[in-house]
Every structure is written in structure tokens, then in C-alpha cells.
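*Asks:* So you can see what is in the structure, the chains are spelled out below.
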Amino acid sequence: MRRLLIGILLVPGLTAQAADDESLIERGRYLARTADCAACHTAEGGAPFAGGVPIASPFGTIYGTNITPDPNYGIGEYSADDFYHALTEGETPSGRQLYPAMPYTSYHLMRREDADAIYAFLMSREPIARAAPETDLSFPYNQRWGVAFWNLIYADALEPDASSSQSSAWQRGQYLVEAMGHCGECHTPRSWTGAMDLDRHLEGGSLAGYRAPSLEAEALAERGWNRDDLAHFLKHGMSPQGSVFNEMFPVMHHSTQYLTDEDLSAMATYLLGDTPPEARRIEPRPLETLSDSARRGRQSYLDTCAGCHGGDGQGKPQVAVAMNGNTTLRLEDPTNLLRVMLDGIEARDFPGFARMQEMPGFAAHLSDTELADLGNYLRETWGGQPGDIAPEDVADLREDSAHAAP
Amino acid sequence: MAELSTRPLRLTINGQAVGPVEIPDDLMMIDFLHEYQGLTGSRLGCGQGICRACVVILDHDDGTSEEMRICITGAHFFHGKRIRTIEGHAEHGDDGDVVALNPIQRKFVDHFAFQCSYCAPGFVNAATVLVERLEREPVARADLEATIDQALGHHICRCTGYVRYYQAAKAAIEELGLVKEG
Numbered sequence: 001m002r003r004l005l006i007g008i009l010l011v012p013g014l015t016a017q018a019a020d021d022e023s024l025i026e027r028g029r030y031l032a033r034t035a036d037c038a039a040c041h042t043a044e045g046g047a048p049f050a051g052g053v054p055i056a057s058p059f060g061t062i063y064g065t066n067i068t069p070d071p072n073y074g075i076g077e078y079s080a081d082d083f084y085h086a087l088t089e090g091e092t093p094s095g096r097q098l099y100p101a102m103p104y105t106s107y108h109l110m111r112r113e114d115a116d117a118i119y120a121f122l123m124s125r126e127p128i129a130r131a132a133p134e135t136d137l138s139f140p141y142n143q144r145w146g147v148a149f150w151n152l153i154y155a156d157a158l159e160p161d162a163s164s165s166q167s168s169a170w171q172r173g174q175y176l177v178e179a180m181g182h183c184g185e186c187h188t189p190r191s192w193t194g195a196m197d198l199d200r201h202l203e204g205g206s207l208a209g210y211r212a213p214s215l216e217a218e219a220l221a222e223r224g225w226n227r228d229d230l231a232h233f234l235k236h237g238m239s240p241q242g243s244v245f246n247e248m249f250p251v252m253h254h255s256t257q258y259l260t261d262e263d264l265s266a267m268a269t270y271l272l273g274d275t276p277p278e279a280r281r282i283e284p285r286p287l288e289t290l291s292d293s294a295r296r297g298r299q300s301y302l303d304t305c306a307g308c309h310g311g312d313g314q315g316k317p318q319v320a321v322a323m324n325g326n327t328t329l330r331l332e333d334p335t336n337l338l339r340v341m342l343d344g345i346e347a348r349d350f351p352g353f354a355r356m357q358e359m360p361g362f363a364a365h366l367s368d369t370e371l372a373d374l375g376n377y378l379r380e381t382w383g384g385q386p387g388d389i390a391p392e393d394v395a396d397l398r399e400d401s402a403h404a405a406p
Numbered sequence: 001m002a003e004l005s006t007r008p009l010r011l012t013i014n015g016q017a018v019g020p021v022e023i024p025d026d027l028m029m030i031d032f033l034h035e036y037q038g039l040t041g042s043r044l045g046c047g048q049g050i051c052r053a054c055v056v057i058l059d060h061d062d063g064t065s066e067e068m069r070i071c072i073t074g075a076h077f078f079h080g081k082r083i084r085t086i087e088g089h090a091e092h093g094d095d096g097d098v099v100a101l102n103p104i105q106r107k108f109v110d111h112f113a114f115q116c117s118y119c120a121p122g123f124v125n126a127a128t129v130l131v132e133r134l135e136r137e138p139v140a141r142a143d144l145e146a147t148i149d150q151a152l153g154h155h156i157c158r159c160t161g162y163v164r165y166y167q168a169a170k171a172a173i174e175e176l177g178l179v180k181e182g
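One line per chain: the protein sequences are A and B, in this order.
Just so we're aligned: the first sequence equals residues 1 to 406 in UniProt numbering.
Just so we're aligned: the second sequence equals residues 1 to 182 in UniProt numbering.
So, partial list: chain B residues that the calculated Cβ filter (under 8 Å) puts toward chain A:
1. 25
2. 26
3. 28
4. 48
5. 49
6. 50
7. 71
8. 72
9. 73
10. 74
11. 76
12. 77
No lab work stands behind these hints, which were simulated from the structure alone.
If you're wondering where the values come from, they're calculated on a predicted model, not measured in any experiment.
Note that the Cβ used here is the ideal one computed from N, Cα and C, for glycine as well.
If we strip away everything but chain B, and leave its shape as in the complex, we get (with noise of 0.2 Å):
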């Protein structure tokens, strides 16, 4: 191993600037989250980026959005970036509690799209990157399950709860308006 060596890391995570916090260079993101910013809802799964549980948002400059595996990415790739977690999405009030959900946690509640929820904020996560590019180019309805199994086919659910965040995702897409039809 080479020495323990450090450097500072500055970011926005949830719209609030983070940093400088001089952390190891090769701390991986998903504990940079949980050890340094009390952020444990981004899961650890199979820590080699097959499962998606850690599943978070990378924004970039032009407006898109797309999904980060941070089991398998370094903190310091993040440096200088936007990045959304579970913890991001919901309004919160004055005194931290949750005062409502977004559209997309509420379809997934209503539809009881977790079972023991361990999956859950990565299939949030990408169902959210999935509504917002289709809010820049909704989907013709012939193609809705499709696009639905393409964005959120990767991610395991160990429960097996599939076809619910399927049809919490085609709610919330249908919600938002987001289908072609005809």
C-alpha cells in the first residue's frame, strides 16, 4: 500500500457546498459519505458495483443528470462536482424533519416499491435520472416499459420487488406527464 497520503476534496452534495475536508486520496465516495458526512443512505452493497444499492446523481454543467456507482469511485473523482443522494430529494423543514416527498418517493411509497428496502435509494435514484432525461425527451407509450427495464434492469432487488418499482417508475413517469401517446 502506498503511504497514506491526503489531499482536500470540495463538492456540492444536495445543493450544499462541501469542503475543503482533506481526506485519504483513495477513500472510496460511499464512505466519504457515511464516515465524513453522516449520509448512510446510500447503501453498501456488493462493493463491486454490480448491485447498484450505492447508486447516486452526478449533475453535470449542461443539465443532464445520470447515475454513479460510488462502491467502485474514488471520492476525489467528485472533486469540483454536483452530486444528488436519497438524503437530497425529499423537502425538509426547518427542524430536519421530512415534510414531503418528492413525486418519485411518493409513487414508490404508494405502490410499496420496497420490501426491506435496502435497494430502494438506488432504484429512486435512477428512476429520478430516468424522469429527468425523459422530461427533456418524453417517451412514445410503445416504448415506455422498455425504457423503464433499460434504466432501472441493472439494479438487484434481493426481495425480488421488480414489477412494483416498475410500476412506481411508470406512475410517476404517466404523473409527470412524460408519455407521447399515439
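Only chain A is shown next, with the shape it has when bound in the complex (with noise of 0.2 Å):
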């Protein structure tokens, strides 16, 4: 009778204790949503965060590594305090130095209460004894002090934003963007070193031959970006600019469409800034201004591209993008359209049943000056940049297409 007494008297203690952690836990599954682990440590078909996805990096293949709970292969032996630090500073707690690919550069700038609340959810998973592929760099890169040489000068160069004169949306939106999304990772050039080049924060990347565009809000606005859409795209996935596609999409599918509709606006917020830039309209170019590139490059739009993307570029939806105010055309670099029209894109699942189509590549239907002609159609019709897109240019990507990983 007295056990049952104190046992009724325990009960609501321990009801508010299990509360708080599973608030902890949930909120730590959303945060680890807003860092996008799972793009890197879920594979494919795999048990989540068990590790194991390939990451392509200009020095040969990095693996994603497991972040279980089991203590063999995964995180189980990480104290709180240990994951902190290899979350910020990439170093685990026997002191080996992580690859830059884990983006602790960007994570550095994580508050420790998120990361904790990220530890405890991580904490709760399922272990799985599972050991993630070897990561195998050629040399220098796989010498880890090279590694702990590169944190020395470039780990703490980022630091966040003191001044407060900005919107509180637009400090949320900071925060995801950098800490947690580390959007820069891809979005920011690269120096020799294969470090952010700081300098040119945000100005656009290059990954796996595509480019990575520029985030600047004036860079946006010229390729038709407002607040509203950015944010619908990242959690759609689509938006009147076109739909993700290449390393884009799994940041969509793992990370973005999880987001709720405020941190999406903020993020979209501090992009393109509390006083926005307005988003550039481009009317279309009518067919006799155009150059005689782009109006013999009509005929390979009407016979190759016109099926799904409409002859007048409206697009049909579920199907196949618009060309009327497609962003990608929008870039003065032509190197992501002359890819697409190359290799093709694959069939997606989005977010609500939704879903775009495969798009088939045209490397061998179309010759390289008949590649040039239909991208210099399609950039001075639509996106407002010049038809400047030579035969040698598409040669050279068809060449690097080739050698490509698939």
C-alpha cells in the first residue's frame, strides 16, 4: 500500500520529466531537419543516419558517416559536450579531425541549446551496428592534418551577426541560412584549398559540374525572385521560376519542405533582405529580334522541347517546367541549361503527390552547334541573356559530361 502511495505520488513527476524530453526530442527532429543531416547520413534506401552516402568532393569520394546511437559505429559514446564540438569545430572526442564535408564551418555558428536538442533526438534513434563505407582520398587529402592545417586558418572565419538593426524574421532567416542550412557549403565559391572563399560569401558555387547560383538578393531579384516565391519553392520544391533539381533536390526532399511556413520566410527574408530589391520581369523576346543563333535554334525547340515545355514556353504542370520566367535561363553562366539539355533530369517525386516527369537528355540528338542555337533560342527569348553560347562551349561540357560519376 505504501509503494502503490508513492508511486501514484511519483508518477506526475516523471509524466512532466518524459514531457520535456520528448519536447526535446521534437524539437531536436526539427533542427536536425533545418541541418539537413539527413542528406549526408541517410543513404538511399538505408536505415536513417546510419551513414553511407557518397559524397563526390574534387578529391575523390567522402563518405557520410553513421550518427546512430550505437557505440561501435555510430555517435552512442558522444557525450553532449563531444557532439558540440564535432558539430562546430570537427573534431570527434578521440581528436580526429573530420572532413570538411561535414559542414562544421557553417555549424560552427550553432547555438548549443540546438545542438543538444539535435543530440537528444539523435540519442533517442534506433542504434544501428552498421559501419559506413571508408572514405578514400587521394593524396594530400587524406592526411588529416592537412585537414586540422585548414581549420587553423579558415574554421573560425565566419562569425554570426551581431547588429541587431535588422528584422527579427530576417536574424531567424540568418541563422537557418548559415548555421543550420548552410546553404553557403554549396553557394559559395571555393578556394584552391577547397575552403569557402569567404570574401565571396553567397556569390554561387560549382558542384558536381553544375553550378550552384548566387544567393545575393540583387542576384535573385534579376533572375525573378520575390520573398514569397523563394519560400513556396523551398517547400514545394516548384514555384513559377522551375523546380529543383540536381544536389537541389535532396535538400527539398530531406530538409526544406519540413519547414515551417515562418522559418521559409524568414529564410527567404534574409536573402533577399528586409527591403527587398524588386524581382526583374523579362517579356519575351518576339522571334524576328532575335539573333540568327537563336532562330535556328527554334526549329530544335519546336521538334525536342515543345512537347512538354509548350511552344510558347507556358509549360504543362506535373509535366514539365515553363520556359516563360525559368530562373535557370536567367543565369549569364549557360553551363546548368547546356547540362539539362545534355544529360537530361530525372523523374522526381515532390512534396504532396506531386511530381515532375524524367526530362530525357539530347546528347545524342542534337549536334553541338544545334545545342548552341536552341540554348541562345532559349536564353534570348527568355531569359534575357545574350545568345552567346558557342558549339566549342557545348563540346567542352559533352567532354566533362562524359567523365562525369553518374
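Fit chain to chain and form the complex, with the hints in mind.
*Replies:* And the structure:
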């Protein structure tokens, strides 16, 4: 009887503790999404957070590690302090340096309480006793000391902006973009050492043969982005400006689609500024005003593109994006446009039962000259860009495509 | 919409020289076959390149052949090129009537590899492209099933007649001696 009474008296306290834990874990689950941990630590078809995702780098393939609570293969032996240290300094409890594919240069800005929540969430996951594949980098990037040296120079360079003249949404957005979402890891150019060139923050980088476009406010507005469309794009993976493809697809798939509308709006506010520049609209140019190359390209457009993208570039919902207003056509650098025309885009499922079908690549069907003409037609008609693609530019990319890993 | 401009199209269909025919710049190939040539065997299904009921065969100068989805490919893409449609497979008598099916068609009939038949032209053309590829390079027995699946697997059959399509293609490939044993 006495034991029962004590039991009853203890229950409310335990329940409150359990609820606190549960709420911490839930907060951690959300924050892990904002930080896109799954993109590198959950392999396609693999157990959540058990690692094994191959990450191509110019120096070799790096594999995402197992971050489940398994004591041998995962982070089961990590304390919350160890976890925070690894996340923000790129160093394991045993003193081993992590490769900078782990974006600790961005996570360096993460708040301690957020790291702790992610830690609580990961520790509540099923431990998976599975070793992730060994990373095999070529000299000198297989030398951990080299990475430690790199840290010495760069790791502390990106500091949080302490000025508070910006709105609270802007500041929340800054935290989500810079620390959690680590957008700069792809959208900032990298120096020859592989470190982010922080003088050119968010000016656009390169990734596996594609360009990660500039996220600077003026550049975004120039390509037709406004705050609502940008937030919608991150939530749904598509907007009037186009759909996510290539390496941006997993970012939306694992991370941004799960963010609250408020947080996505904050990210868009940070990127475009509290007083955003006006999104530039482009009126399609009439055929008779186009260059000779572009006018030749029109027939290839009608022959190979218009069936899905529409004769007037209007697109088809759930099939193919519109060319009229498309943001990729508006990049000064035509690399992404040409890569997509050569290689195509695989079919993808989008949030809410939406879907975009496969876009075939035309490397085998169109010559360098035909692809250059077609690219120039697209750029001049809908991109506000000059028709300056030469057949040699296509030939160079074709060469790269042939060597690129699938 | 841009002004309705036209240009001449010339190509070879089922071994016959066609054109020049003055047709709109933006005419889809399936509409050209249906409306200008009276060749209605190629079927318009999804109209967006997914179902492959519209597939015809494009013949290359190096002797290889490939499938083309003509609901999303403009007629002028085929200018100067050679294609085969479902109407081109059987042997026709002088009066135009079919006198003999080709071996692939025969196997499709033997295996009742069609139900409503809507997707059948695309399947027969895909199987033909596959057979022609295997004539150049026969397939190992162990890889036969995967090879057929790879070649026909993207074609959609609303009646779900896939097993019989598979069996017909397999029978044709075996009968033509295109499987490497052992």
C-alpha cells in the first residue's frame, strides 16, 4: 500500500520529465531537418542516420558517417559536449579531425541549446550496428593533419552577425541559412584548398559539374525571385521560376519541405533583405528580334522541347516547368542549362503527391551547333541573356559529361 | 503563339520516300502520321512521353535503331531521317492487304500479347528495336529477363498485359536464336 502511494506520488513528476524529454526530442527532430543531417547521413534506401551516402568532392569520395547511437559504429559514446564539439569544431572525442564535407564551418555558428536538442533526438533513434564505407581520398587530402591545418586558417572565419538593425525574421533567416541550412557550403565559391572563399559569400559555387547559383539579393531579384516564391520553392520544390533539380533536390526532399512557413519566409527575408529589390520581369522577345543562331534554335525547340515545355514556353503542370520566367535560363553562365539539355533530369516525386517526369537528355540527338542554337534561343527569348553560347562551349561540357560520375 | 509558319518535310517512312510536304513548324510527328499520311497505327496516349504507345523506330545510318516518342517530338525532327511505324512490319500483298506477319508480330499474336491493343504498337516497336540490338550482340541466358524488362519496362499497358508482352518478346528472341546459352 505504501509502495503504491509512493508510486502514485511519483507519477506526475515522471510524466513531466518525460514530456520535457519528448519536447526536446521533437525540437531536435525539427532542427536536424533544418540542418539537413539526413542528406549526408541517410543513404537512399538505408536506415535513417546510419551513414553511407557517397559525397563527391574534387579530391575523392567522402562517405557520410553513422550518427545513430550505436556505441561502436555510431555516436553512442558521445556526450552532449562531444557532440557539440564535433558539430562546431569538426573534431571527434578522440581528437580526429572530420573532413570538411561535414559543414562544421557553418555549424560553428550553431547555438548550444540547438546542438543539444539534435543530440537528444539522435540519441533517441534506433542504434544501427553498421559501419559506413571508408572514405578514400587521394594524397594530400587523405591526411587528417592537412584538414587540421585548414581548420587553423579557416574554421573560425565565419562569425555570427551581432548587429541588430535587421528584423527578427531576417535574423532568424540568417541563422537558418548560415548556421543550420549551411547554404553557403554549396553557394559560396571555394578556393583551391577546398575551403569556402568567404570574401565571396553566397556568390555562387560549383558542384559536380553544375553551378550553385548566387544567392545574393540582387542576383536573386535579377533572376526573378521574390520572397513568396522563394519560400514556396523551398517548401514545394517548385514555383513559377522552375523546380529543384540536381543537388538541390535532396535539400528540399530531406530538409526544406519540412520547415514551417514562418521559417521559410524568414530564410527568404534574410536572402532578399528586409527591403528586397524588386524581382525583374522579362517579356519574351519576339522571334524576329533574335540572333541568327537563336532563330535557328527555334526549330530544335519546337522539335524536341515544345511537346512538354509548350510552344510558348508555358510548361505543363506536373510534367515540365515553364520556360517563360524560368530562373535557370536567366543565369549569365549557361552551364546549368547546357548540362540539363545534354544529360536530362530524372523523374522525381515532390511533396503533396506532385511529380515531375523525366526530362530526356539530348546529347545523342542534337549536335553541338544545334544545342548552342537551342540554348541561345532559350536565353534570348525568355532569359534576358545574350545568345553567346558557341558550339565549342557545348563540346567542352559534353567532354565533361562523358567523364562525370553518373 | 508565333505566326503559323511552315516548312517542307522530307523523310523515309517504312522504306518509302515521303515529301517534301509543306507542314507547320510546330506539328508533332504523331499528328503528321495521322493527319497527313493516314498512318493511324501509332497511338496517342498520354501526350507527354510517358506511356510510349506512340513509339516508332528511328533507323540510323550505322545500322542501329532506336525508339522515338512521337507525341513529344516534332515532325521536322525527322527531316532527312528514316523511320518505321507499326504499319511497316507485316508483308503486304499487291492489294495492300496483309499477307504475312513478321516473326515478332507472330509471337505477339501467338501469346495473345494484347488486350485492348492500344499500347501494342509501341510494344511491338520496342521489341523490334530490342531484337535488332540482340542481332548485333546476343544476350546471355542469365541476362535475358532483365534485358527484356529494361527494353520494354517503360511501356505502360493499361490492361496490365505485361506478362504476355514479356513472354512474346522472350519467345521471339529465342526463336531467332539471339540467346547465348551457357
